[in-house]
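Student: Take a look at the letters that make up each chain.
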Amino acid sequence: MIQERKTSKEISGMGHSMKRKEDGRFIQGKGHYVDDIKLDGMLYMDIVRSPYAYAKIKSIKIEKAMATPGVVAVVTGRDLEKYNLHWMPTLMSDTQMVLPTDTVMYQAQEVAAVIATSRYAAADGVEAVEVEYEVMKPLMDPYKALAPGAPLLRPDKKDKKDNHIWHWEAGDRKKTDKLFETAEVKVKEEIYLPRIHVASIETCGCVASYDKVNNYLTMYMTTQAPHAIRTVIALVAGHVGLTEEKIRVISPDIGGGFGGKVPVYPGYVIAIAVSFLVGKPVKWIEDRSENLQADSFARDYHITAEMAGTKAGKIQGIRFKVLADHGYTDAAANPSKYPLGLFSICTGSYDYDTAFIESDAVYTNKPPGGVAYRCSFRVTEAVHAIERITDKFAATIGKDPAAFRMQNFIKKEQFPWKSPTGWTYDSGDYAPALQKAMDVIGYDKMRKEQVEKRKKGEIMGIGICSFTEIVGAGPSKDFDILGIKMFDSAEIRVHPTGKALARFGTKSQGQGHETTYAQIIAEELGIPAENIQVEEGDTDTAPYGLGTYASRSTPTAGAAAAMASRKLRDKARKIAAYLLEVSEADLEWVPGKFFVKGAPEKSKTIQELVFAAYTNHPPGMEAGFEATHYYDPPNLTFPFGSYICVVDIDKETCEIKVRRFVAIDDCGNIINPMIVQGQVHGGLTQGIAPAMYEELIYDDEGNILNGTLMDYLVPTAVESPSWETGHTCTPSPHHPIGAKGVGESPTVGAPPAIANAIIDALSPYGITHMDIPITPYKVWKALKEKGVVKAI
Amino acid sequence: MKTTIEKEFQIPEPMAKVWEYLSDPTKIVACVPGASITEKIDDRNYRGNVTSSFGPVKASYNGEITITELDANLHKMTLIGKGVDSKGKGSADMTMNGILSEVSRATAVKFTMEISITGMLAQFGARLIKDVSDQLLNQFVANFKDRLAGKEVDNTMSGTSMVGSVLKSTIGGIFGGHKN
Chain A
120 MIQERKTSKE ISGMGHSMKR KEDGRFIQGK GHYVDDIKLD GMLYMDIVRS
170 PYAYAKIKSI KIEKAMATPG VVAVVTGRDL EKYNLHWMPT LMSDTQMVLP
220 TDTVMYQAQE VAAVIATSRY AAADGVEAVE VEYEVMKPLM DPYKALAPGA
270 PLLRPDKKDK KDNHIWHWEA GDRKKTDKLF ETAEVKVKEE IYLPRIHVAS
320 IETCGCVASY DKVNNYLTMY MTTQAPHAIR TVIALVAGHV GLTEEKIRVI
370 SPDIGGGFGG KVPVYPGYVI AIAVSFLVGK PVKWIEDRSE NLQADSFARD
420 YHITAEMAGT KAGKIQGIRF KVLADHGYTD AAANPSKYPL GLFSICTGSY
470 DYDTAFIESD AVYTNKPPGG VAYRCSFRVT EAVHAIERIT DKFAATIGKD
520 PAAFRMQNFI KKEQFPWKSP TGWTYDSGDY APALQKAMDV IGYDKMRKEQ
570 VEKRKKGEIM GIGICSFTEI VGAGPSKDFD ILGIKMFDSA EIRVHPTGKA
620 LARFGTKSQG QGHETTYAQI IAEELGIPAE NIQVEEGDTD TAPYGLGTYA
670 SRSTPTAGAA AAMASRKLRD KARKIAAYLL EVSEADLEWV PGKFFVKGAP
720 EKSKTIQELV FAAYTNHPPG MEAGFEATHY YDPPNLTFPF GSYICVVDID
770 KETCEIKVRR FVAIDDCGNI INPMIVQGQV HGGLTQGIAP AMYEELIYDD
820 EGNILNGTLM DYLVPTAVES PSWETGHTCT PSPHHPIGAK GVGESPTVGA
870 PPAIANAIID ALSPYGITHM DIPITPYKVW KALKEKGVVK AI
Chain B
46 MKTTIEKEFQ IPEPMAKVWE YLSDPTKIVA CVPGASITEK IDDRNYRGNV
96 TSSFGPVKAS YNGEITITEL DANLHKMTLI GKGVDSKGKG SADMTMNGIL
146 SEVSRATAVK FTMEISITGM LAQFGARLIK DVSDQLLNQF VANFKDRLAG
196 KEVDNTMSGT SMVGSVLKST IGGIFGGHKN
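Note that the protein sequences, when read in sequence, are chains A and B.
According to this note's numbering, the residues represented by the first sequence are 120 to 911, in order.
According to this note's numbering, the residues represented by the second sequence are 46 to 225, in order.
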């Protein structure tokens, strides 16, 4: 289970905790973000937003705004309509307004854009735009929106007679229903995963720069998927002459993406339209509240989770039903075939063969989206549901949740394991991960302490989550976005002196690609990682790829890096055979050089071989030392882990304190242990966020009640406990370097561990479920209902 | 978002005099902090505006005031105000009930104010609206008493002073201090 390092520290291939190459500029404040871009003659855009969740636009008066000093233009939906740019397609083949012509559908929706010579003038212009609305009663509750006779929110869709968007199923309904008719034990829970926001430090923004003379658009923007965006722009604007070869998308440094920088927001499109019309660069940068209120949300799934099994504790099947609130349009970022994302991984880490999932999506007067916030297309929702219902089942039959999990885990020898919803788990060894977490935290001791504390009336809980993720989308037979298959790419150019430039179709937002990709190439080619320059994010130079999200970079582009390196190593072998005058079969590779079998003194280093590729290449061989690989993964990767959390709850204040949190992750072979640890720390902190703090709250009128960071509680170092991390290592059998994704595991695994701990703590008082975020107020209310605490 | 506030107090004046003030919108509105009547449409309908600061957001509402109930026998009046912020930040609706009853050598006044706010103010000011409204009503009551006592009333509003007094009352609340 321990990963062996094959390269020296000088080469720093896989398994070395090499310091991040990108941090030099970040810690010196020299990162280059979109708002750092300043171009000659650049104009600034600010957006007029709707104060109402649902209203007809009666008039938009722009005279006063146009008279504001510095304002050069005000753009409305009617202006865009002339170019047929007032609507755009979403990634889920729905339609979304760029600017409305008649109706606003959610509070903070874009209504008009003001273009000015400075950011301040643009903001003044926004204040001066006069919009007259006729306010209508919004539909905020997805169940009410689905009820018969509910007002139709999308009359623009001619075939729509209600607010229902789609229905999707996985698994076997008949077999599952039959199981639930006969099973000894059945448990059920209504679980709501509320709307939350990725709240990345950097908001979204762009500089659209259209060169009229050359008919060429350069789009600097905060995007996790630059190539996909270039194609989308071409699809939206091709009819006005902006075809794909005339578009260059550059994604500079990004201050956090987490899925929120995958979608195309109206602001981007308006900036492009204005730059196209006026022939000047236009900068648009969201402010914090715009980001929180109008950008794509995450979660908002209403889940009915059921589990069936035996009294002896054998899980036999699950039945889940999901209602997905998508706001006024389905602008989720899922692979085309999977409107519910990869939620059907919700069968979890357990061995049974019966499952049925059904889901419906609905329109409401909320902002659109449904991005996977640091998770692979709805895996967070799936894991929360299965891990909560697993705990409830264990509690119902009176079994310890750890023993219950151990009893039901899929065993190592059962892999590759075919799940009842159709996935093939590549590899796993679940019991040792849970055992390791139990050993680290001292599980039995903790349970004894809990018994003692309960005798004294103190509230302490222990919660477990043993998750299985599904990451690395994905195999082209199943995965595409707008028809583009979800492969990814690497292009490696090694210069004559043996130093390399490597480019990728992905885009780091803080994941450390400049370091980890270099380490993969170092592992395969023996060129020191330090000498490999990694570039991403410029569509004019990087090979085509679908970008970075859903923990897909290592499984796809990382694999492409290994495969391209291997092509180069094959070429190096040919050159070595030529230079050493032996046959290729007589050569052996150690990281960094080829030597003749049995005569290790006869060798050529990779640097010598690369130099020869430019100065003395074998006759008949192409000169140069470059390779490109487009990697289409044969399967997804299935990282897993077991997390255990211990909480103490103050009986007076109901404050919840996470005393211990142990996270044992298994992401296969590790490229850089330090970066993985950093990812796990950050992800766990983003895991306590929805578990204890974050929720976007709307009132019945459609007002968002916490649209600022004063009210939307993002945890900081103050709220974070001291994370205890560890690993087991079960390599992916199909991935070239045996790696799996890891960046999202902690965000996925932490919330159910915390929720299970809190509910375990409160179980002596008859509390069996609470929806996250579990706040002191919720705990106080629940305990008050049970008569445990009194009203103050 | 909605909030309801109630205030009860006594004024050492005869009920007839108090009713004279309560039933006259021009006199009542002159006691509402930041409010003024700009136009009388008829006896029951007026146009006016209210300017108020809620935390970081200053809102100026232009709208209509309608007296929906004016019962001289029961000494009860209901006033509905609807306003839209002039800078497009949203709208506010208010229903205010006032009812008088006689107590020994004084008049008991009971005010109920139901405020519903939509738009930016509801987002930014959610934490403050209840307290700000409470302060507004306190100020209104003080102005109302002063006017009845024949004193000059300045009902212009300063945002900072309001936030200051709200903070004082909120923090006072947190630390168990007495609210005014």
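Incorrect hints may have been included.
Once the Cα atoms are required to be at most 27 Å apart in a straight line, the calculated DSSO-like pairs of lysine-lysine come out as [stated by the list, open to error]:
| # | chain 1 | residue 1 | chain 2 | residue 2 |
| --- | --- | --- | --- | --- |
| 1 | A | Lys177 | B | Lys196 |
| 2 | A | Lys177 | B | Lys47 |
| 3 | A | Lys511 | A | Lys307 |
Every beta carbon over 10 Å from chain A, so not counted as near; a handful from chain B, in silico [claimed, not checked]:
| # | residue |
| --- | --- |
| 4 | Ile162 |
| 5 | Thr163 |
| 6 | Met165 |
| 7 | Gln168 |
| 8 | Asp199 |
| 9 | Thr201 |
None of these hints come from the bench; they were simulated from the model.
Note that CB positions come from ideal geometry on N, CA and C, so glycine has one too.
Student: Is it correct that the beta-carbon of Thr201/B has no partner in chain A closer than or equal to 10 Å?
Tutor: At about 22 Å from chain A, Thr201/B clears the 10 Å cut-off, so the statement holds.
Student: So Met165/B supposedly isn't at the interface. Is its beta-carbon more than 10 Å from every beta-carbon in chain A?
Tutor: For Met165/B, whose nearest Cβ neighbour in chain A is about 6 Å away, the distance does not exceed 10 Å, so it is violated.
Student: Hint check: Lys177/A vs Lys47/B, CA-CA at most 27 Å. Holds or violated?
Tutor: 26 Å, holds
Student: Confirm or reject the statement that Asp199/B sits farther than 10 Å, beta carbon to beta carbon, from all of chain A.
Tutor: 28 Å, holds
Student: Test the statement that Ile162/B is away from the interface with chain A: the closest C-beta pair must be farther apart than 10 Å.
Tutor: 8 Å, violated
Student: Would you assess whether Gln168/B, listed as outside the interface, keeps its beta-carbon beyond 10 Å of every beta-carbon in chain A?
Tutor: 4 Å, violated
Student: Quick one, are Lys511/A and Lys307/A close enough, alpha carbons at most 27 Å?
Tutor: Holds, because 8 Å separates the two Cα atoms, which is no more than 27 Å.
Student: Just double-check Thr163/B for me: nearest Cβ-Cβ distance to chain A has to come out over 10 Å.
Tutor: 5 Å, violated
Student: Are the Cα atoms of Lys177/A and Lys196/B separated by 27 Å or less?
Tutor: 45 Å, violated
Violated hints, in rising order: 1, 4, 5, 6 and 7; the structure is consistent with all others.
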